[in-house]
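Listed below are the residues making up each chain.
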Amino acid sequence: MALRVLVGCKRVIDYAVKVRVKPDKTGVVTDGVKHSINPFDEIAIEEAVRLKEKKIASEVVAISCGPKQCQETLRTALAMGADRAIHVEIPEPQSNTLEPLGVAKIFSKLAKEEDVNLIIVGKQAIDDDCNQTGQLTAALLDWPQGTFASEITVEGEHMKVIREIDGGLETIKVKMPAVISADLRLNEPRYATLPNIMKAKKKKIDVKTPADLGIDISPRTEILSVEDPPVRQAGSKVEDVSELVGKLKSHGFI
Amino acid sequence: MAIPQALARHCKRFLLDTRPFQGKYLNHKTLSSFKRLTTSSNDVELTPYRYSIQRGNFAKVSREDIEYFQQILPIPSAVVTDAEELIASNTDWLKAVRGSAPVLLKPENTQQVSKIVQYCNQKNLAIVPQGGKTGLVGGSVPVFDEIILSTSRMNNVIQVDKISGTLVCQPGCILQELEDLLQSDNFILPYDLGARGSCHIGGNISSNAGGIRLLRYGSLHGSVLGLEIVLADGTILDCLSTCRKDNTGYDLKQLFIGSEGTLGIITKVAIALAQKPRARSVALIGCSDFDKVKNVYSSARTDLCEYLSACEFMDSKIMELVEHHLKLINPVQKSSFYVLIEASGSSEQYCKSALLDFLQPLMENKVIEEGIVVDTLAQIDEVWALRERVLEACQRDGYVFKYDVSLPLSVFYNIVNDLRSHLGNQAKNVGGYGHIGDGNIHINVTCDEYNVELEKAIEPYIYEWIAKHKGSVSAEHGMGFIKKKNMKYSKSEAAYNTMKGIKHLMDPKGILNPYKMLPEKYRQT
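Note that the protein sequences, when read in sequence, are chains G and U.
Residues 1 to 254 in this note's numbering are what the first sequence lists, from first letter to last.
Residues 1 to 525 in this note's numbering are what the second sequence lists, from first letter to last.
The hints are simulated quantities; they were obtained by calculation from the structure and are not laboratory data.
All C-beta atoms in this analysis are idealised placements derived from N, C-alpha and C, irrespective of residue type, glycine included.
Each hint should be verified, as a subset may be incorrect.
[As the list claims (entries may be wrong)] Pairs of lysine-lysine, BS3-like flavour, derived with a Cα cap of 25 Å:
1) LYS199/G / LYS366/U
2) LYS162/U / LYS34/G
3) LYS123/U / LYS509/U
4) LYS201/G / LYS366/U
5) LYS208/G / LYS109/G
6) LYS68/G / LYS199/G
7) LYS366/U / LYS202/G
8) LYS366/U / LYS203/G
9) LYS276/U / LYS34/G
10) LYS485/U / LYS95/U
11) LYS25/G / LYS162/U
12) LYS18/G / LYS162/U
13) LYS276/U / LYS68/G
14) LYS509/U / LYS485/U
15) LYS276/U / LYS22/G
16) LYS199/G / LYS334/U
17) LYS22/G / LYS162/U
[To be verified] Listed next, the stretches of chain U that the computed footprint assigns to chain G, with coverage defined by at least 3 CB atoms under 8 Å from CB atoms of chain G:
18) 117-128
19) 182-194
20) 365-373
[To be verified] Far from chain G by the CB rule (all over 12 Å, computed), these chain U residues:
21) ILE163
22) ALA272
23) HIS324
24) MET499
Using the sequences provided together with the hints, build the complete structure.
Listed below in structure tokens is the structure:
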């Protein structure tokens, strides 16, 4: 059976950026800060594209929820090999309070609309570290889930999933349609090649809103404050052993 | 939180680096390159034996001198006399030259530098100013027993003016540390180079470092606003202005930018900062011949225009060496030439689309065969690593003869082809790479072991070739000790004589970094 795959891609602050807390403590500085596709979602797209190359999947649709800039993330997904993309447009500041439950509702609605039988998401987003969207989506659709996948193999109507767990690796079998969440070692994402980037420019990005889908994305939680972890006290350098001994003595350690 | 992909890639690469590296020691084919990698500074031949030179008429460091230094530098670790400890400071990064300084001094501030230099001037003691010791022409270590004056303890940032975008600091600040500090205020330094983890800003300015950002931000002659210098007699020369424009007399600081510590010692730096770009995208493309590379570069100038921040190239031989020795992956299909183009600007959307709009017609006209575009920070670093670690890769290939050359673009790569046919089987590998955007090509010739016959085959052939095309025999690396004899290929005798006059005026006893930069005679062999 040819799979139709939905992949969730989140636009997050780039992993390598040094994140700073806003002075008013309501969140982190995002203005002018480098954003990229969530690394685990990149792995999810790569896996979906590989399924297509193996002729197991017939179509890969990438979805991103958020402000206009999400279309950049979708272009990356299209350049990697996704066929189409859907941008669920949620302007700022609303997008800042979007929670996994809202995203899960959107994914499950689109899954039904697009008639997909496999959803792959990254296991967690590196900005909120929630690790909930995959699981919530599966519950809303009443589909089985294979989370923290480090290897997936399609076997007819089932999928064998090797999961990364605390104790090591666990192998399970899920019946499709199913939701998979990608872990680090699932694959190594490809670079976007120029020919594919050019092709991607012509691929379609449909824009919808949560209202179009009839979904309420109002948050259930409220962020009270965001703070830096406590600053580590600086050590002091001493010039030689006698100064070290002197300091230890004066601080009462010896 | 589990390790994100980008971090895992870094870890993976580290692991990949260590296992084959250890394997290398066991399966190593050529003994000499193995020896090179594991040569300790102690095994490097002393410069006066390797190159026959006469010691200048300087005094020798005495017990009395050391006591004086210990008096003006009260902290014990600021005066190093232990022979074992001194070996490292006496040897350059390439392990090509080694001196025998009996003492290393680490002053903390301008006054201490001034006192040291004044004393040395009176006593006729020679001094070598030393920064991060990352220079590639043997300019930062003694030849004989010159005293080493290190900037490593002069590493304070004095002021960052966020409104006018200027930095004032001491010369011993490490480039990477300054970059990290300035990041949070959205500034970057107007220059960058691969040695950023170790090089000092004072040393960079003394050698007029070029690097990978010159294309966009210009040379240090333009971005350094002011300097404080200690002259050869200990006088403190204050030219430390932070004004962007100051036409009040001769611009003295220009004398010290690029004079490699031979006219004065930099004790404070004022430099104009650049805005950190919000967006950066990098394309790595493959071209089948060098004419196409030139086409890409000139199209970048007109079509990518204000977004263009770097344009580097390398040939297939260099890429092979990088893949083979460093186990890095070439993400682009095998090509004769590779061009790295970086676009940066204030908007992610416009920057990326500018880059793609520039690349599209080149693809359609088959100027570009293959390529990738990356914009996550981790991927950008991976692609840049292919270019920045070239020298490391070549050093693992054996002994490297390195040439850092400026040439007109019309004949840019011809030098590599001509050199290859001229050397034939004598050389192991000949490759070219570098800052095509600045007209600066690096040519590396490798062989299993250093041999004089190969050196004679390359020099003076390569220098005469460059002189014929009015290029520069040292585009950015400077003269130092190793390259000073080649000055005649790129500078006239009148220029040389004028330089000698200036040196004599500023340092009549010749105590500042002797044996460097200016050859004894114009036509010295």
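Going through the hints against the structure:
1. Taking the CA atoms of LYS199/G and LYS366/U, the gap is near 16 Å; set against the 25 Å cutoff, the hint holds.
2. A hinted pair counts as satisfied when its Cα atoms are at most 25 Å apart, and LYS162/U with LYS34/G qualifies at roughly 21 Å.
3. Taken as a hint, the LYS123/U and LYS509/U pair is honoured in the structure, with Cα atoms around 10 Å apart against an allowance of 25 Å.
4. As the CA atoms of LYS201/G and LYS366/U are separated by approximately 19 Å, the hinted pair is consistent with the 25 Å bound.
5. Annotation: proposed proximity of LYS208/G to LYS109/G holds, straight-line Cα distance about 12 Å (limit 25 Å).
6. Note on LYS68/G and LYS199/G: the hinted pairing holds, with a Cα-Cα distance of about 21 Å set against a maximum of 25 Å.
7. In summary, the hint linking LYS366/U to LYS202/G is supported, as the alpha carbons are separated by about 20 Å, within the 25 Å threshold.
8. Pair hint LYS366/U plus LYS203/G holds up; C-alpha atoms about 22 Å apart against a cutoff of 25 Å.
9. Note on LYS276/U and LYS34/G: the hinted pairing holds, with a Cα-Cα distance of about 11 Å set against a maximum of 25 Å.
10. Between LYS485/U and LYS95/U the CA atoms are separated by roughly 20 Å; this keeps the pair inside 25 Å, and the hint holds.
11. Of the pairs offered as hints, the one joining LYS25/G and LYS162/U holds, with about 23 Å between alpha carbons and a cut-off of 25 Å not exceeded.
12. With a C-alpha separation of about 19 Å, the suggested pair LYS18/G and LYS162/U falls inside the 25 Å cut-off, and the hint holds.
13. The hinted pair formed by LYS276/U and LYS68/G meets the criterion: a straight-line CA distance of about 24 Å does not exceed 25 Å.
14. The hinted pair formed by LYS509/U and LYS485/U meets the criterion: a straight-line CA distance of about 21 Å does not exceed 25 Å.
15. Distance restraint check for LYS276/U and LYS22/G: the Cα-Cα separation of roughly 19 Å lies within the 25 Å cut-off, and the hinted pair is therefore satisfied.
16. Straight-line distance between C-alpha atoms of LYS199/G and LYS334/U comes to about 22 Å, which keeps the hinted pair within the 25 Å bound.
17. In summary, the hint linking LYS22/G to LYS162/U is supported, as the alpha carbons are separated by about 19 Å, within the 25 Å threshold.
18. With 0 residues bearing a CB less than 8 Å from a CB of chain G, the segment 117-128 of chain U misses the requirement of three and the coverage assertion fails.
19. A stretch counts as covered by a chain when three or more of its residues have a beta carbon under 8 Å from one of that chain; for the segment 182-194 of chain U and chain G the count is 3, and the coverage holds.
20. For a cut-off of 8 Å, the count of residues in the segment 365-373 of chain U with a CB near a CB of chain G stands at 5, and the three-residue condition holds.
21. With a closest Cβ-Cβ approach of about 17 Å to chain G, ILE163/U is found to remain outside the 12 Å limit, as its non-interface label requires.
22. The Cβ of ALA272/U sits about 21 Å from the closest Cβ of chain G, beyond the 12 Å cut-off, so the non-interface label holds.
23. Every CB of chain G lies more than 12 Å from the CB of HIS324/U, the least distance being 20 Å, so the non-interface label holds.
24. The Cβ of MET499/U sits about 43 Å from the closest Cβ of chain G, beyond the 12 Å cut-off, so the non-interface label holds.
In summary, the structure is inconsistent with hint 18 from the numbered list given earlier, while agreeing with all the others.
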